[in-house]
Amino acid sequence: MTLATWYALVGALLAALGLHGAVVRRHLLRKVLALNLAASGVFLLLVAPGARGPTTDPVPQAMVITGIVVAVSASALAIWLARRLHAETGRAALPDAEDDRA
Amino acid sequence: MGELEALDLLLGLALVALAWRLLAAPDLFEGIVLFVTFGLLLSFAWVRLGAPDVALAEAAIGAGLTGALLLDARGAMPGASVEGPARLRWPVAVLAAATGGVLVAAVLTLPAAPAGLEGAVAARLEESGVAHPVTAVLLNFRGYDTLLELGVLWLAWLAVAAAGPRPDPRPELRPDLRAEAPTGPVLAALVSQLVPLLILVGAYLLWAGAHAPGGAFQAGAILAGGGVLLRLSGVPLPEAARAAPVVGLGFALFLGVGLAQAAAGRRFLELLPAQAHDLLVLVEVAATVSIAAVLAALFAGRRSVS
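Quick mapping for you: the protein sequence lines, in order, are chains A and B. According to my numbering, the first sequence is numbered sequentially starting from 507. According to my numbering, the second sequence is numbered sequentially starting from 2.
These aren't lab readings, by the way, just hints derived from the structure by calculation. From the three backbone atoms N, C-alpha and C, an ideal C-beta is built for every residue, glycine too. Careful: at least some of the hints might be erroneous.
Label pairs and their computed distance ranges (CB to CB) [said to hold, decoys possible]: (1) P197/B - M507/A: 41 to 47 Å; (2) M507/A - E128/B: 33 to 39 Å; (3) L8/B - L600/A: 39 to 45 Å; (4) L600/A - A264/B: 47 to 53 Å; (5) A160/B - G559/A: 37 to 43 Å; (6) R267/B - R590/A: 41 to 47 Å.
Starting from the given sequences, assemble the full structure and let the hints guide the process.
Set out below in structure tokens:
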């Protein structure tokens, strides 16, 4: 196995773990954590296959730098919405989260 | 790239184990601290993959700022523990495993010959105005992405600002309840040593971006880290750092540069090789200022505006 394949596989695992966590965990900050993990996995999946040549492809690198900044913007907004919800209701999870365990 | 070594196996396994542990941790604080650890190890993985630019962005933004935002939010949401230990839910687990399986299969069936774009970038690098391929892609070849990214940052700031001022439940962070300099000698000395250093590192990364790993995003994130440090140690940020024109500067200037090209008969954002360097330096400086202002403001929010 090559370096690139190994890190791409790690990325695939992280994406799956993050996806699971984002659905299963109820605390909104934990959902943000899980989505960030999934995003990191996707970033690895984008860059690692470009690292199979002698140099690493700069185009996916630039896309991932863009992605990291967009991810922190979205996370900041999500965290502020969670804080607002907590300030208004005293809860840190969405109200119907307990009832959708079918 | 380099060969697969034992270090890479350990690093990859550590990343997966940390991810598992931070999702399963019963204590949210532990989860966030593990997330910051995860980010730092991930930036090491980026270095191993030959992507130092991504490593810098990951360490400063992914691990640093996101971690600070989460820790701050956890402190502001006291007594809101909604869950015990993690439970496995089978339908979700099957869905996530299937997604992971498809991704693994995609990785294992990639065509052997890399059909990347590094050749195309290298062939036109001279015309881009900068000597570092990643910066050339970010600001010139894929300028659209970066323009829209600055727009996303600005929108996030707008949305957080629109959420309006709220009193923070912690009295020590309430500007109306707080003494002016609550810091104590150790913190004060640390801040006075670290903040100038962060400004210097930010300026270096901005300057280096034209020919080496670095650039506006990493520089802006480092400067924002300085802003967060000041905020946490009770030093109020100057009002100008949060002003709307500063926050929108990068987006507005990049858009203006793009539109000026269109007005001169070229395509939107199509830079002439002779002018590209000067225009890109201008855009990078403006983008650094805006990124630093937005990221610091996303942390401080409207909390300190009285």
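Going down the list of hints, with the structure as the test:
no.: 1; hint: P197/B - M507/A: 41 to 47 Å; result: 46 Å, holds
no.: 2; hint: M507/A - E128/B: 33 to 39 Å; result: 38 Å, holds
no.: 3; hint: L8/B - L600/A: 39 to 45 Å; result: 42 Å, holds
no.: 4; hint: L600/A - A264/B: 47 to 53 Å; result: 48 Å, holds
no.: 5; hint: A160/B - G559/A: 37 to 43 Å; result: 40 Å, holds
no.: 6; hint: R267/B - R590/A: 41 to 47 Å; result: 45 Å, holds
Consistency note: the structure conflicts with none of the earlier hints.
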